[in-house]
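Trainee: One letter stands for each residue in the lines below.
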Amino acid sequence: MLLIDGERMYPNIQAYDRGAMFSPDGRLFQVDYARENVRKGATAMGIVVDTGVALIAHKNIMEPLAVSSTVQKIFRIDSFIGVAYSGMISDGMHLIQVLRNKAQSHRMIYNETESVEMLTKEISEEMQVATQYGGVRPYAVSLLVAGIDNSPKLFEIDPSAAYLGYKAEAIGAGKKTAEEMLIKSYKESMSIDDAINLGVSIIKKVQEGKLAENNIDISTVTKNAGFVAYTPEQIAKYV
Amino acid sequence: MLLIDGERMYPNIQAYDRGAMFSPDGRLFQVDYARENVRKGATAMGIVVDTGVALIAHKNIMEPLAVSSTVQKIFRIDSFIGVAYSGMISDGMHLIQVLRNKAQSHRMIYNETESVEMLTKEISEEMQVATQYGGVRPYAVSLLVAGIDNSPKLFEIDPSAAYLGYKAEAIGAGKKTAEEMLIKSYKESMSIDDAINLGVSIIKKVQEGKLAENNIDISTVTKNAGFVAYTPEQIAKYV
Amino acid sequence: MLLIDGERMYPNIQAYDRGAMFSPDGRLFQVDYARENVRKGATAMGIVVDTGVALIAHKNIMEPLAVSSTVQKIFRIDSFIGVAYSGMISDGMHLIQVLRNKAQSHRMIYNETESVEMLTKEISEEMQVATQYGGVRPYAVSLLVAGIDNSPKLFEIDPSAAYLGYKAEAIGAGKKTAEEMLIKSYKESMSIDDAINLGVSIIKKVQEGKLAENNIDISTVTKNAGFVAYTPEQIAKYV
Amino acid sequence: MLLIDGERMYPNIQAYDRGAMFSPDGRLFQVDYARENVRKGATAMGIVVDTGVALIAHKNIMEPLAVSSTVQKIFRIDSFIGVAYSGMISDGMHLIQVLRNKAQSHRMIYNETESVEMLTKEISEEMQVATQYGGVRPYAVSLLVAGIDNSPKLFEIDPSAAYLGYKAEAIGAGKKTAEEMLIKSYKESMSIDDAINLGVSIIKKVQEGKLAENNIDISTVTKNAGFVAYTPEQIAKYV
Amino acid sequence: MLLIDGERMYPNIQAYDRGAMFSPDGRLFQVDYARENVRKGATAMGIVVDTGVALIAHKNIMEPLAVSSTVQKIFRIDSFIGVAYSGMISDGMHLIQVLRNKAQSHRMIYNETESVEMLTKEISEEMQVATQYGGVRPYAVSLLVAGIDNSPKLFEIDPSAAYLGYKAEAIGAGKKTAEEMLIKSYKESMSIDDAINLGVSIIKKVQEGKLAENNIDISTVTKNAGFVAYTPEQIAKYV
Amino acid sequence: MLLIDGERMYPNIQAYDRGAMFSPDGRLFQVDYARENVRKGATAMGIVVDTGVALIAHKNIMEPLAVSSTVQKIFRIDSFIGVAYSGMISDGMHLIQVLRNKAQSHRMIYNETESVEMLTKEISEEMQVATQYGGVRPYAVSLLVAGIDNSPKLFEIDPSAAYLGYKAEAIGAGKKTAEEMLIKSYKESMSIDDAINLGVSIIKKVQEGKLAENNIDISTVTKNAGFVAYTPEQIAKYV
Amino acid sequence: MLLIDGERMYPNIQAYDRGAMFSPDGRLFQVDYARENVRKGATAMGIVVDTGVALIAHKNIMEPLAVSSTVQKIFRIDSFIGVAYSGMISDGMHLIQVLRNKAQSHRMIYNETESVEMLTKEISEEMQVATQYGGVRPYAVSLLVAGIDNSPKLFEIDPSAAYLGYKAEAIGAGKKTAEEMLIKSYKESMSIDDAINLGVSIIKKVQEGKLAENNIDISTVTKNAGFVAYTPEQIAKYV
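Protein chains in written order, with the working numbering: chain G, 1 to 239; chain W, 1001 to 1239; chain D, 2001 to 2239; chain E, 3001 to 3239; chain A, 4001 to 4239; chain U, 5001 to 5239; chain F, 6001 to 6239.
Just so you know, not all the hints are guaranteed correct.
[Stated by the list, open to error] So the derived list for chain U, only partly shown, Cβ under 8 Å to chain G, looks like this: (1) 5037; (2) 5040; (3) 5065; (4) 5067; (5) 5071; (6) 5089; (7) 5094; (8) 5136; (9) 5140.
Hints listed in this document are in silico derivations from the structure and should not be mistaken for laboratory results.
Cβ coordinates follow ideal geometry from the N, Cα and C atoms, glycine included.
Generate the whole structure from the sequences, applying the supplied hints.
Mentor: In structure tokens, the structure reads:
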């Protein structure tokens, strides 16, 4: 965090953390602060295996009367593409909507599912603008774009709009712990079921407690079935 | 509240509570401050039961010559959707108008009532913009969107534009107390009448005093009757 | 007033009273300051009785050579709607013009007088924008919209753009005193003449002095005659 | 003036005298400062009598080689309307041009001279905008709009865009003295010649010195002759 | 100059010299500062005589290799109108271009030379905008518009966009000295040659040194010849 | 770095490092700070030889589960043009997209590959705007544009939008070291293979460690084959 | 430089060096600072002789692997017009492009080469805007526009957008020294070859060292040949 030296250091830092402006060492503080927001978001993961991609996301429902199914962390974008997000809810929901519109446009013009990387690039262009122009703040959201075009793919986009492909990657509060566990246990040859089990066990570890089927969101994109959102009943089998 | 450490702490906080800008810990202070406005608004509640949704709202009329019927806290949006709000009156009235226009558009294009979640998402998009762009402040309003599509639904949207589904939820000054009472007493299998009685008893508790029929707004959305705004005579029976 | 603690307190307050921005406790200071302007305006009143609505407004003419008839505080908007205002003159005149245009549009499209509440809501939308966007200040005006649609109606709109219906209500410098007197003496069954007499006596009390016929503006909206602006001769009979 | 308490008081005042923003007591300081500019302008007067209106304005020509006839303080707007201004020259000239265009438009559309009050209201709308929006300063000008529609009329508009009708009124540096003299000597039954003589004597008093015919501007609007700008020869008879 | 009280006074002054904003005493500091720029410009003069107007301008060429003929201080606008400027070169050149376009437009539409005062008023409107709106600075230029319509005319416009007619007037660094000499020696009955000689002698006095034919610009507008720019050979005769 | 004198020096520097504004010594600090960002980017190089141009870029993949092939530092723009970038990822990806669009437009209009310099100039125009206007920050990216038109060409563009042709040039963290090694070893007569070997050896030196085939990006533009992106297998032969 | 009095003086100066704003003494500091940038640019010169104009510019290539021919300081604008610039590279390249477009437009509309002064005036208009409006900085570039219309011409434009014609003029770091040498040695009757030799000798003097043919740019505009850019071989003969 930026406040290490406390009050005295603060006035100088302030000078560069407004709007679309570089600090003397070339950083965009507003982007860093947006990342800080994501760092407090719910943990989500994507795991690529030979037959597809699994997305597993924690749903941090603390209110007993909340309807679990409305806390959605994973979204169908197209028949072979799904997205998980972590960070500010309304920013996430907005970007999901943009992603769906872009995927739909592509399908209508070209009559095909857009490649996972192309869709990722398009949403990155949208997010880059919010880091370069004044009068708008960056998006406080990281995204995991999972899908299959010629093979299973997984991309992470962060608030700076940078994106990168992964075999397995986590976002949100448990990112660091999750990544260490993924590095230890990930095998591309796993079955999609093993990938889900790995993801669920990591969420359990990160949350230091029990998970119910309504505290977790699971979706897969597989060659046979395309994007599938798991029902609570299906999820219960993994918890 | 933010002023815990008083004057000395203030100059630093100020640095991040202007416009659409993140603080070093990734918060949007203007959104937090808008929530503070809602926290002083009149208490309102939504309760989902098997046969529909009840909306109960306190009408804090302190002026003897005010016309109770013009203090409206619950609004018909479409034949099967109603909305309660708490917070800044003119912001609330504006969003009610936007909701009605969106519902009407949908009906004209698709000849059907929009799903409750889709309508909620549309107003959330409108509110998200006011949290991301400079030159405009967030809406100081929380909304309870209640309706029936394939089943009874209730959503809460707050000034950050985040929304979530609930079985029962409260907004405004009495939110905390009301939620505790709802958790204790809520049963989905209640009749719609019991739901209203529960809501009215909670408002009474929150207000620590007597309620007259013109200090409360009640509406229901039921499968048989759609959206119904209760008359003072009907309300009197519950008070 | 905000300056209670004097100079030392001031720097902090300043931080939140610019443009469209919330203070940490969720207030819009520019709206509060606009209200302060209205609090110095001429006193005006609306009184609803069974047969119509009376508007009575003080005209504070201190210059002997000013032409009393040009100091207008009550305006005809449509055949069954009149409006009184208090606050900044040019803001008031502008909103009167907007109200007239809106009423005229409605009449041209629907061939009917707009309902009093709908017209009130339309001008409220106009005023809400001035509280939410940067680069524009709120209107420093309170309005009393009086009229008859299916029954006599009276609405007050304040600089926050909030509106509420009343049986009797006052705005401007004498608001508090006038409201206390109205609560004591108001009866809906009064004749319109009694309502005028009540209003004039309140203005006299507030102004602590004599009133001439050219220091007061009186208009009524009645079922039989619609909007009628009283002539100085007619007013003289009440003073 | 605002600087009564000198330097220490200043920092606080500054906080509210920028752009279109209210001070805590509901004032618009930029409008007050624009009035201060007008308070240093040349004195001008309008006097309404039974047969018409006289406009008399001081022309403060201190440069011997300036051409008196180009220092114009009174302008013909239409055949029965004239305007005098005091304050910032380029602002005044701009508003005169706007007034002429508006009067011309009205004449072209309706084939009649616009009423004096309607024209006053139109220029007031133009000036009100400059008090409400950021990025533009108020006009530093007061106007006297004189004319005849069904009877002789005189309106004053000040930098706040407020306007009021008068039997006789003065603007500019000598406003206060002139108004006191007008109150003492004004009679509506005066001849137009007596009105001019009164006006000239007031200018003499205000200027504490001799006036030549080229130090004064005189125009009248009368029922018989409409707007007439007096020639230096005609003016010489009154000085 | 504004810095009389030095550093301590400065912070207060600064508060009002930004953009289009009045100081508490109703001044526009940015306009005053633009005038200060003009006060350092080359001296120029216009002298009206019975048969026309002479424009005489100093060309302060300190670089031996500069091409005197490209240092133009007087410009032909139309066949009977010329303009001299003093102040910021690029601002001056821009306004000359605007003047030419306006004169050309007028000629194309009405097939006549525009009146000198009308053209002056048009450029004043252009300059007024730069004193009222934020995001643009005033023009740092004074203009002398000379021409003949029904008689010879001379107008001065300064950075505030105010204009005034003169028999003889000077702008730029030598303004004060030149005006004193003009007052002493000016006679309207002079020949145009005498006017030029008077102007040249004033420039010599102001510059305290010798003038060569390439240090001075001379043009005349006369009834017989219209606008004429003198050649270096013609100028040499006056130096 | 700018902070040499620490806190005391800072307030002055701050005064000039906002938006599009020069410091007293004519620098644009925001451009300097954007360069600082590039100075932390991955090292990339371009080497021109007689038969073509080689681009060699380091791919700094520290996460074991990242997919190397998605960390792309070199991009095909057209059949005879490739580009490498260093700096902020989303800025780089955006400019790559702009370059591709411009190249495609040119091809569609003129049916030819654009010249390398013309394409460089076009992207420079895009980047220049971001250094001159407020409300937008400069691009934090340096580009190496490599291609063949009539001969092999290499251009570097930096965040100031300045560009220059080179025989061999490096960008990013290892720029300085790489340039020294290039100066020592570069020969235009090298084979394209030797150029690649030189580039890979420099990256190894800069990174002070071993390189695997998935830590490096290699592409060439040659007269025979046009733009060719090397496969990991091909790259492995050089590492 | 502006920092003479060091830190204490600085805060006051800062008050006036932002955006398009005059200082109390009528200066535009941002223009002065842009000039400071040019003062560090490469030296360039233009020399007018009877038969044409020679442009000689230093190319400060410190990197051994830079391609000299891409460091262009002199550009062909049209068949009889060339331009040299000094200052910020991307600003210069942008203005060169604007100049070419303007010249091309003129040629297409009028089927002739534009006059050198008219083209200079057009680019000056473009540059003037950047000194008057907020949200954009001045161009940090001086230009030498050389060409032949009815005779050989040379104009200098500086960051203030002011322009002036010269027989011989220099811009950039060596401006002062070069001007002194030009004054001493310039003769209009020189041959174009002597002009080039003079220019090259001046660059040598300014740079205090040896020049190679690739450290200098030479172009001429002559009556016979129009604009000619010299090849390195041709340049070698003068070095």
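Trainee: Hints first: check each against the structure and report whether it holds.
Mentor: Quick rundown of the hints versus the structure:
no.	hint	result
1	5037	holds (3 Å)
2	5040	holds (7 Å)
3	5065	holds (5 Å)
4	5067	holds (4 Å)
5	5071	holds (6 Å)
6	5089	holds (4 Å)
7	5094	holds (5 Å)
8	5136	holds (5 Å)
9	5140	holds (6 Å)
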